[in-house]
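*Asks:* Letter by letter, the chains look like this.
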Amino acid sequence: MAHLIELRNVFKIYPMGDEQVHALDGINLTIDQGEFVAIVGSSGSGKSTAMNIIGCLDVPTAGTYRLGGVDVSTMDDDQQAEIRNKMLGFIFQQYNLIPKLTVLENVELPLLYAGVPAAERRERAVRSLERVGLSSKQKNLPAQLAGGQQQRVSIARALAGDPSVILADEPTGALDSRTGREVLGFLKQLNREGDTVVLITHDNSIATKADRIVRLQDGKIIYDGDAHDPRAVVQPGEAGEERAPEGAEQEVGA
Amino acid sequence: MNAGQSFRLAIKALTTSKMRSLLTMLGIIIGVASVIVILALGNGLQGMINEQVDKLGINLVQTTVYGRGDGTTMLLDPKDMEQLVEEHPDVLSGMSPYVGTVATLRHGDEKYDKTSMYGVSQVMFNNDTQATLNGETLAQGRFLSYLDVERRQNVCVIGAYLAQEAFRGEALGQTLSINGSSYTVIGVLDQDGDNMEEGGPNDLIYLPYENALELMGSRQVALYLFTSTSGDTAAQAKEIIDGMLFDFFQDEYAYYTTTMAEQAELISAMMGVAMAVLVAIAAISLLVGGIGIMNIMLVSVTERTREIGIRKSLGAKRRDIRSQFVIEAGTTSAIGGLLGIALGWLLATGVGSLIGASLSSQMGGATFSATPTFGAVAISFGVSVGIGVLFGYLPANKAAKLNPIDALRYD
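Just so you know, the sequences run in chain order B and V.
For the first sequence, my numbering gives the first residue as 24, with consecutive numbering after it.
For the second sequence, my numbering gives the first residue as 948, with consecutive numbering after it.
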């Protein structure tokens, strides 16, 4: 069976003055259906660039990215939008709900852009809100909800389109630790129910909630494997020898 | 696809910041209101002119005879003109000489020396409209008959001023003296307009044209009024008359013929130009209004960069974002257009009734109503929506082309 996510020798290079910055420097990564993977790295490690490419918000400078068996690395703006709509559900640090729309309308948005008829759209959005336990708040505006509830609305929105991958970018970054744990528990539950979850974070303690950790440093993968392996959480730069197992460990979780 | 939601969002945005929305729409409101007022007033004027033309008859053809002016005594016999009518019954339906002067009238001890006297034939009275070719209607009695004219009877039809001043309303069958000759009143005209001054439009008298020529001591009829069989044959009538007159005078400057249809057309054309200029000036306001909308939409796109990023991340394509902002701009200007139409309607009705009151007293009771036509309203609305869409397109396109990563990062 083909991998759900498959990055082959992916580079992302930004020109900066006379120099070229390799935000991603030859990444090879595969993620399969039903996995719960955390992509970890400090700021500048390339994890945001990786998230943008996996999320089809950006295209690689070189290399190929296949999502669900389709090469999306050379798609244009609108084709990418369609792929995002069909295959991906985003959860952002700042929730990114549209303040003027009600909770229900926010959750309906991906279905709206998928061209789902109004009645079915409503029904699926309500069902999605039920999954996160917020169907009673559907007429509220996002600002009338607590932070944790807003994040659950954004999870409902991510689920509404029935995506292949849920992509969570620092989903607990704006929450207190208790609500953060709730949200993580929720992602875990979704994963148990069969959803593929990719979590992007800088925080090791959050990353360990995943089954598998991919650690990035300077645009390269320096660890890829079991989240419970002690080496997964060693801070990069603490020990130079961490680079050694890179090749050996790379495909462990795949 | 998301037109309904875009529309609802636009309404919501308009109602949450009312002051900003009003200022944005002001240009459109003023522009549309001016266009409506101008078109309504123009429409009213045109209606009034049409009414006048209908009253006088669209089939009226007027020929002025100057003669050759070289001292030769080439006198055109009115009978020759009558002959013309008999020869072309399919084009010409009648002819009346029209001899005008100011006469001195006496009744009892009173003397009236400012009365306009017109020598005409029975054709001057149109039996279809029951009015003279000048538009006057009869209050009492009858108009001159064929026999009155043929036999040069000493009979006359008088205007409302004389009937009231000289005869205290009991004029029929009474006599009055015109330049010394005695004439019997056989008809009285209705009062035309409010002016009952001596020498005014109601101070007039009609008598057979040959009597009038004699009283004036003249043999030259300078003006002939023809009626063509319809408005459509008026141009043909003019050709026939001019052809005959050229044969007679061998000089195209010895006469001049004009038709009512021609004149009405000329007035309409002039009014059309004047209106076009006024509308063009009002359109500048619409242009400024459109730029105002473009400005506020550019601000709106910047303010909502993050929203655009979110929508794009959820799968909105360029055309989705573009149509959202175009619909929003269109809605804004459409509402401005509706307000402008309402304002224009109010103004047109107000100004129209003021102008109507002053005009109708001057123009002999013609009615004036400044009502915008349905077409004018529909076009104004269409144009205001069009301007919104046109000027909203640039900001909308800017929004559509935003990079989702940059837009999501925007604060």
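No lab work stands behind these hints, which were simulated from the structure alone.
Predicted model only: the values in this text are computed from it and were never measured.
One thing to keep in mind: the hints can contain errors.
To be verified - Selected chain V positions facing chain B (in silico; Cβ < 8 Å):
1. 961
2. 965
3. 1061
4. 1220
5. 1258
6. 1267
7. 1269
8. 1286
9. 1345
10. 1349
Here a beta-carbon is modelled for each residue, glycine too, at the ideal position from N, C-alpha and C.
*Asks:* Taking the hints in turn, state whether each one holds.
*Replies:* For each hint, the structure was consulted:
no.	hint	result
1	961	12 Å, violated
2	965	16 Å, violated
3	1061	78 Å, violated
4	1220	49 Å, violated
5	1258	7 Å, holds
6	1267	6 Å, holds
7	1269	11 Å, violated
8	1286	23 Å, violated
9	1345	14 Å, violated
10	1349	10 Å, violated
Checked against the numbered hints given earlier, this structure breaks hints 1, 2, 3, 4, 7, 8, 9 and 10; the rest are met.
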